[in-house]
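Engineer: Produce the entire structure from the sequences given, and follow the hints as far as they go.
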Amino acid sequence: MSIQTVKAIDGIKFCVWSPNEIRKYSVSEITAPETYDEDGMAVQGGLMDGCLGTLEPGQKCLTCGNTSARCPGHFGHIELAEPVLHIAFIDSIHKLLTSTCRSCSRLKVPQEVLDKFSKFKKIVHHILYYHVNVFQNKYLKKQKNQKNVHIVENHNTNLFSQNQQYS
Numbered sequence: 001m002s003i004q005t006v007k008a009i010d011g012i013k014f015c016v017w018s019p020n021e022i023r024k025y026s027v028s029e030i031t032a033p034e035t036y037d038e039d040g041m042a043v044q045g046g047l048m049d050g051c052l053g054t055l056e057p058g059q060k061c062l063t064c065g066n067t068s069a070r071c072p073g074h075f076g077h078i079e080l081a082e083p084v085l086h087i088a089f090i091d092s093i094h095k096l097l098t099s100t101c102r103s104c105s106r107l108k109v110p111q112e113v114l115d116k117f118s119k120f121k122k123i124v125h126h127i128l129y130y131h132v133n134v135f136q137n138k139y140l141k142k143q144k145n146q147k148n149v150h151i152v153e154n155h156n157t158n159l160f161s162q163n164q165q166y167s
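Per UniProt numbering, residue 1 is the first one in the sequence shown, and the count goes up by one each step.
One thing to keep in mind: the hints can contain errors.
As the list claims (entries may be wrong) - Result set (DMTMM-like, lysine to aspartate or glutamate): computed pairs, CA atoms no more than 25 angstroms apart in a straight line: (1) Lys-60 / Glu-82; (2) Lys-24 / Glu-38; (3) Lys-95 / Asp-115; (4) Lys-108 / Asp-91; (5) Lys-60 / Glu-38; (6) Lys-60 / Asp-91; (7) Lys-122 / Glu-112; (8) Lys-13 / Asp-91; (9) Lys-24 / Glu-82; (10) Lys-60 / Asp-39; (11) Lys-24 / Asp-91; (12) Lys-95 / Glu-82; (13) Lys-108 / Glu-79; (14) Lys-7 / Glu-34.
Hints in this document: simulated from the structure, not taken from any laboratory.
Structural biologist: Structure (structure tokens):
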């Protein structure tokens, strides 16, 4: 009997895949509307294609070679003739479309709001610049004087330039 090592999960990410990502991770394209043939066997290119995994205890998966107890199942995809909107995104799509100009595709935002955002962006930049300089001047110089501490520092380069322009 083998001992399996326990692995910690670093994180989980939920996202929507692009059509190219879906095709990349798919092991089979679903092209047949039938699930089983007359003999009760799974139709190749159907929803029960052996490449997607197996439900029968004695059968092996055509993709990974495992039985139903060990096969995790595999992704397939269906190529659609026309784009289809996902029902979960209807509200977001509606808000996005109503907040953009149909002729130039820019956001419908008053100029005063854009001006406030621009000022806010500059203030944040100056605050970050200040804190980076404080860190460089105080902390790194203290660390330099300690033994057994290796610090790579380039005094000519700042993370933020004071003369950086924003549009």
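Engineer: Against this structure, judge whether each hint is valid.
Structural biologist: Results for each hint:
1. Lys-60 / Glu-82: violated, 35 angstroms
2. Lys-24 / Glu-38: violated, 32 angstroms
3. Lys-95 / Asp-115: With Cα atoms ~23 angstroms apart, Lys-95 and Asp-115 stay inside 25 angstroms; holds.
4. Lys-108 / Asp-91: holds, 18 angstroms
5. Lys-60 / Glu-38: Since the Cα atoms of Lys-60 and Glu-38 sit roughly 21 angstroms apart, the hinted pair holds (cutoff 25 angstroms).
6. Lys-60 / Asp-91: Between Lys-60 and Asp-91 the Cα gap is close to 43 angstroms, so the pair fails against 25 angstroms, i.e. violated.
7. Lys-122 / Glu-112: holds, 16 angstroms
8. Lys-13 / Asp-91: OK: Lys-13 and Asp-91 at ~22 angstroms, within 25 angstroms.
9. Lys-24 / Glu-82: holds, 20 angstroms
10. Lys-60 / Asp-39: holds, 19 angstroms
11. Lys-24 / Asp-91: With Cα atoms ~29 angstroms apart, Lys-24 and Asp-91 exceed 25 angstroms; violated.
12. Lys-95 / Glu-82: Satisfied, since the Cα-Cα distance of roughly 22 angstroms is no more than 25 angstroms.
13. Lys-108 / Glu-79: violated, 35 angstroms
14. Lys-7 / Glu-34: Outside the cut-off at roughly 40 angstroms; violated.
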